[in-house]
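Peer 1: Chain residues, written in single-letter form:
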Amino acid sequence: MWKYIVKRLLLMIPILLGVTFIVFFIMNLTPGDPAAIILGDQASAEALAAKRIELGLDKPLIVRYFTYIWDMLHGDLGLSYKNQLSVWDQVIDKFPNTAILAIAGILVALVIGIPVGIISAKKQYTVLDNTSMILSLVGVSMPNFWLGLLLSLLFALKLGWLPSQGMGTGFVALLRSLILPALTLGTGSAATVVRMTRSSMLEVIRQDYISTARAKGISEKQVTKRHMLKNAMIPIVTAVGLQFGQLLGGAMLTETVFSWPGLGRLMVDSINSKDIPMVMGATIFLAIMFSLVNLIVDLVYSFIDPRIRSQYSKAGFKSRRIKV
Amino acid sequence: MADTLLEIKNLKINYETDDGIVEAVNDVSLRLEVGKTLGLVGETGAGKTTLARSLMRLIPSPPGKIKSGEVLYGGKDILKLNEHEIRQIRGKDISMIFQDPMTSLNPVLTVGEQIEEVIQSHNPQMKKEELHESAGDMLEMVGIPRDRAGEFPHQFSGGMKQRVIIAIALACNPKLLIADEPTTALDVTIQAQVLDMINELKNKLHTSMLLITHDLGVVAQNCDRVAIIYAGEIVEEGDLHQVFKKTAHPYTIGLLGSIPSLSEEVERLNPVNGMMPDPTNLPKGCKFSPRCQYATERCKTEQPEIRDIGNGHLVRCFMKEKGNE
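Here the protein sequences line up with chains A and B, keeping their order.
The first sequence begins at 1 in the working numbering and counts up one residue at a time.
The second sequence begins at 325 in the working numbering and counts up one residue at a time.
These aren't lab readings, by the way, just hints derived from the structure by calculation.
Check each hint, because a few of them may be wrong.
[What the hints assert, rightly or not] Away from chain B, derived, C-beta distances all over 10 Å, residues of chain A:
| no. | residue |
| --- | --- |
| 1 | Ser44 |
| 2 | Ile218 |
| 3 | Ile284 |
| 4 | Val297 |
[What the hints assert, rightly or not] Distance condition first, Cα-Cα at most 27 Å in a straight line; then the derived BS3-like pairs of lysine-lysine:
| no. | chain 1 | residue 1 | chain 2 | residue 2 |
| --- | --- | --- | --- | --- |
| 5 | A | Lys225 | B | Lys416 |
| 6 | A | Lys221 | B | Lys526 |
| 7 | B | Lys608 | A | Lys122 |
| 8 | A | Lys221 | A | Lys122 |
Just so it is clear, CB atoms sit at the ideal spot from N, CA and C, and this is done for glycine as well.
Start from the sequences, fold in the hints, and give me the full structure.
Peer 2: If you want it as structure tokens, here you go:
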């Protein structure tokens with residue numbers, strides 16, 4: 001198992017190199033001079049040239065790329081062009097806010113998604129199933145920012161129940177300010193989780209071992225929980241993991257709509273001001289998070305499915321059950 | 325005559341699909357005696373499994389629907405029991421061995437847990453250690469070392485899995501064991517082992533058995549009585565001697581004729597010609613008439629009743645009507 005984890009961690013290196021390569025070149029090949037953005041329109045040509053040399057922009061692109069990688073390997077993600085603060089510090093400062101939002105969003109997705117998916121599968125082709133399938137289609141199709149706007153229009157402006165902007169301080173205020181963004185973020189994921197839960201339950205529901213379980217005389221609840229859900233879990237965990245990764249990185253729109261002080265908004269601002277080190281740093285950080293979430297998902301598989309577990313441990317036939 | 329354990333009366337089961345209504349089981353009546361084995365023989369799609377599952381009310385619904393009939397067990401109609409009552413019977417009074425051992429065990433639970441589960445559901449007062457103990461006993465009874473209880477189904481071979489399934493089925497000492505083609509998915513040497521084991525345990529535990537198969541050799545070795553089912557109807561029923569030696573129905577004759585003989589030199593086998601009729605569009609009259617070499621005009625329009633031609637030998641064929649013999 002440890003060997004597997006180390007292998008997966010090593011595999012992250014080429015992934016991160018790929019990510020840095022793509023983001024670095026996209027950012028540098030788009031038009032706009034960072035020096036001009038930093039110094040403003042009024043800056044003289046000499047000042048601009050001096051600034052470019054200071055930022056290292058006079059060197060060829062490929063040299064700059066390798067300089068960047070070299071610094072990154074030494075734990076230095078550089079300074080923000082905009083405010084000359086450490087990129088790493090700013091990312092670390094904003095990340096917890098994004099994590100809170102993503103966790104809240106995925107909780108919404110789980111609490112709605114899994115039960116609705118199970119019911120939908122067990123009552124396939126009934127009114128209940130059709131309704132939830134239509135709703136989840138709407139949920140998947142609805143753009144996040146649009147839903148966010150609608151929700152704040154209703155609950156913040158019309159009813160005045162909840163704040164629509166910013167992140168509250170203190171537990172209660174935080175929770176109150178979290179509700180709308182979390183709902184916005186969670187709805188799309190919930191819809192995906194519903195569909196995944198339903199389809200993976202439907203694959204399991206007609207399996208022979210379900211008949212075996214029923215023939216034992218155990219209750220339908222037990223059959224659903226122990227026999228169906230446990231076997232249906234792998235695709236569900238995959239979907240939830242991917243959704244969580246997306247929520248971590250893709251909360252930009254939601255964070256912007258709700259002025260949530262997270263990584264997503266930091267990235268949007270940085271992209272607008274062509275703050276290359278900031279965008280790079282945030283992207284690399286999110287890529288690492290995404291890979292870690294995926295690794296965790298793959299490890300969770302082995303707790304769910306003994307067949308995968310024995311593959312990981314390579315111990316073959318003699319492996320005994322790991323107590324979870 | 326021995327005591328009746330379970331009696332099926334005029335059972336009729338349909339599958340209602342978009343393509344039409346499939347009459348899977350049609351007016352079947354059978355009687356199972358205490359301690360005896362009844363063989364149910366028929367081609368694929370004849371309704372064997374549907375009939376077997378209906379005894380435990382395990383027919384997937386929709387599309388399956390029990391239209392009419394009774395399944396009397398201990399004076400009660402199983403088909404009328406509520407969910408709670410039927411669960412008391414499943415696994416405890418009646419249990420079932422399914423066709424394919426490869427897919428009949430839950431891949432994510434240990435075999436021990438799967439055996440414990442059935443014991444626990446009918447003995448909720450038992451402690452964890454006791455459950456462990458009796459699951460281990462069951463494994464040993466089917467010839468698997470008890471320390472393999474912590475292993476998962478994928479660590480067992482097909483024959484071993486079928487043993488585990490047998491252990492699950494017999495764990496609560498059922499009065500009736502339904503074995504739905506228990507050996508079809510196994511290779512021949514393992515088939516014999518598994519059947520011997522089922523028989524041995526059945527005699528030890530005084531269990532009655534409904535053995536479903538399409539292998540007449542298996543029937544000859546294991547059963548006391550045989551029922552031949554064709555297109556959802558019983559066409560012939562009797563004890564071994566009656567069905568094998570005084571064969572009366574043309575379909576049974578055809579089945580027996582299609583077994584290769586070891587002792588006689590035969591040029592070609594005599595298969596039953598034709599195919600099973602489309603279950604959504606069964607022929608009028610006798611269901612077997614399109615394939616029957618003795619079929620008359622009457623067979624094609626009129627449905628023969630099943631009748632006793634002596635000593636409980638039942639046949640559904642006009643040829644065996646009095647006066648036609």
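Peer 1: Now tell me, hint by hint, if it's right for this structure.
Peer 2: Here's how the hints hold up against the structure:
No Cβ of chain B comes within 10 Å of the Cβ of Ser44/A; the nearest lies about 71 Å off, and the non-interface call holds. In this structure Ile218/A is not separated from chain B by more than 10 Å, as the shortest Cβ-Cβ distance comes to only about 5 Å. No beta-carbon of chain B is positioned within 10 Å of the beta-carbon of Ile284/A; the least distance is around 37 Å. Once the 10 Å rule is applied to beta carbons, Val297/A is consistent with being away from chain B; the minimum gap is 17 Å.
In summary, the hint linking Lys225/A to Lys416/B is supported, as the alpha carbons are separated by about 22 Å, within the 27 Å threshold. Taking the CA atoms of Lys221/A and Lys526/B, the gap is about 31 Å. The hint is violated against a cut of 27 Å. Simply put, Lys608/B and Lys122/A have alpha-carbon atoms about 38 Å apart, too far for the 27 Å limit, and the pair is violated. For the suggested pair Lys221/A and Lys122/A, the alpha carbons sit about 11 Å apart, so the restraint of at most 27 Å is met.
This entry does not satisfy hints 2, 6 and 7, going by the numbered hints stated previously.
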